[in-house]
Amino acid sequence: MDYHSVQTTCPYCGVGCNLELQVVDGRLTGVLPAKGHPAGLGKLCIKGWNAHSFVHHPERLTQPLVKRMGQFRQVSWDEALARVSSRLMSIRGKHGPDSIGVLTSAKCTNEENYVLQKFARVVLGANNVDHCARL
Amino acid sequence: MDVEIREQLKTAVEEALARLDGVLALKKEPVGAAPHLYRADDEDLDLDVLALDPRYPMALTLDGLLDSFPQARLGVVARGCDEWALIELAKRHQVDMDRVEIIGVACSQQQAAECRCAEPYPSKISVGTKVEGVEDELVAEHRRLSLEERREFWERQFAKCIKCYGCRNICPVCYCPACALEDEIWVERGLMAPPFPSFHLIRAMHMVGRCIGCKQCELVCPAEIPLPVLYTLLRQDAAELWGYLPGKSVDDRPPLLAAL
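The listed protein sequences correspond, in order, to chains A and B. At position 25 of the first sequence the residue is numbered 25 (the numbering used here), and the sequence of numbers has no breaks. At position 154 of the second sequence the residue is numbered 154 (the numbering used here), and the sequence of numbers has no breaks.
In case anyone wonders, no lab produced these hints; they're calculated from the structure. Please note: incorrect hints may appear among the correct ones.
What the hints assert, rightly or not - Heads up, simulated BS3-like pairs for lysine-lysine below, C-alpha to C-alpha not over 30 Å straight-line: (1) A:K47 / A:K107; (2) A:K107 / B:K27; (3) B:K163 / A:K43; (4) A:K47 / B:K124; (5) B:K28 / A:K47.
To be verified - Computed footprint of chain A on chain B, listed as stretches where at least three residues anywhere in the stretch have a Cβ under 8 Å from a Cβ of chain A: (6) 68-82; (7) 87-99; (8) 142-153.
Note that beta-carbon positions come from the ideal geometry of N, C-alpha and C, so glycine has one too.
Modelling step: build the complete structure from the supplied sequences, incorporating the hints.
This is how it looks when you write it as structure tokens:
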């Protein structure tokens, strides 16, 4: 019989509102706004109020999938990353670095977004970096 | 929280834990505090992290916990408004009060002023000292407006709504599994702000005889719509028409269910 709250930052945008994830026996059951937090001032938008809902969602992807012959197949992370890496390198070799773009996300942390733009510029040699907040 | 109140709270929770399966109360967090279930059999039990601020809807959380743990008898550290919400939920067969023990907390004068609360204490006080209630200036001010001015006021307020459903989500006396506010028959999808007056007046109607005036909806509203002003006026109307006050006794019959 366990119930506790976990204070964390909302994953949906850059405002940084804080949530109190509601945890009952190890499962997320809901969200409360973190009252008194300076970013959200104890208020949330509709996305924040539902920020827990994907975690235990039955359709959530929890493993990499690769499509072969029109069918998705579960593969290991090593296999998936090797495939992404070889495809990116072959596209770059054939069409040049400007043929590749990188879309980052407001759901990532600042540091993850930094790493991704670094990857685009230094590893791929491309300046095509954009962000879901502009969509 | 001053030393004396902290000690009273700690003692009350400690005593309750000896005879109950758990006590729902606030726990200090990195910023502020949040609801937490304290248990005597918890190896990490620490009553020094108990908190009384900021306000969370404890009745709402307790209702969920009683469903999750159907064998448990639970205590809850409750302000006056938390107690009224529990009574309202019990009246509507959502909460079994035989499984609940209330550890009543009287609000301070400052808390009463912040909440514009007329009755800042529960029926039995275990922590704190009773202070006088405060008149809700916003309601008094609103009463002075003409009918036309009131309509303009609410049209302006409701136009700010971003339809986050926070007022519904945080409300301790909102429990319907299927909500009219998510039903396309009543509330058209994809419109922002929700068309006047459907969304907000449906909710207001559902609050008649039910809203206990905890003002959680106002606290969480990103658009700062003073919803409790509307709900308080409705509560005053119900008191005048039927002599009915929500949250007072499990045996009182809600007028919209019983009288009409």
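Here is how each hint holds up against the structure:
1. A:K47 / A:K107: Holds: K47 of chain A and K107 of chain A sit about 12 Å apart, inside 30 Å.
2. A:K107 / B:K27: Roughly 28 Å separates the two Cα atoms, so the pair holds.
3. B:K163 / A:K43: Since the Cα atoms of K163 of chain B and K43 of chain A sit roughly 13 Å apart, the hinted pair holds (cutoff 30 Å).
4. A:K47 / B:K124: Roughly 39 Å separates the two Cα atoms, so the pair is violated.
5. B:K28 / A:K47: 25 Å, holds
6. 68-82: holds (count 3)
7. 87-99: This one is violated; 0 residues, fewer than the three required, reach chain A with a Cβ under 8 Å.
8. 142-153: violated (count 0)
When held up to the earlier numbered hints, the structure conflicts with 4, 7, 8 and fits the remainder.
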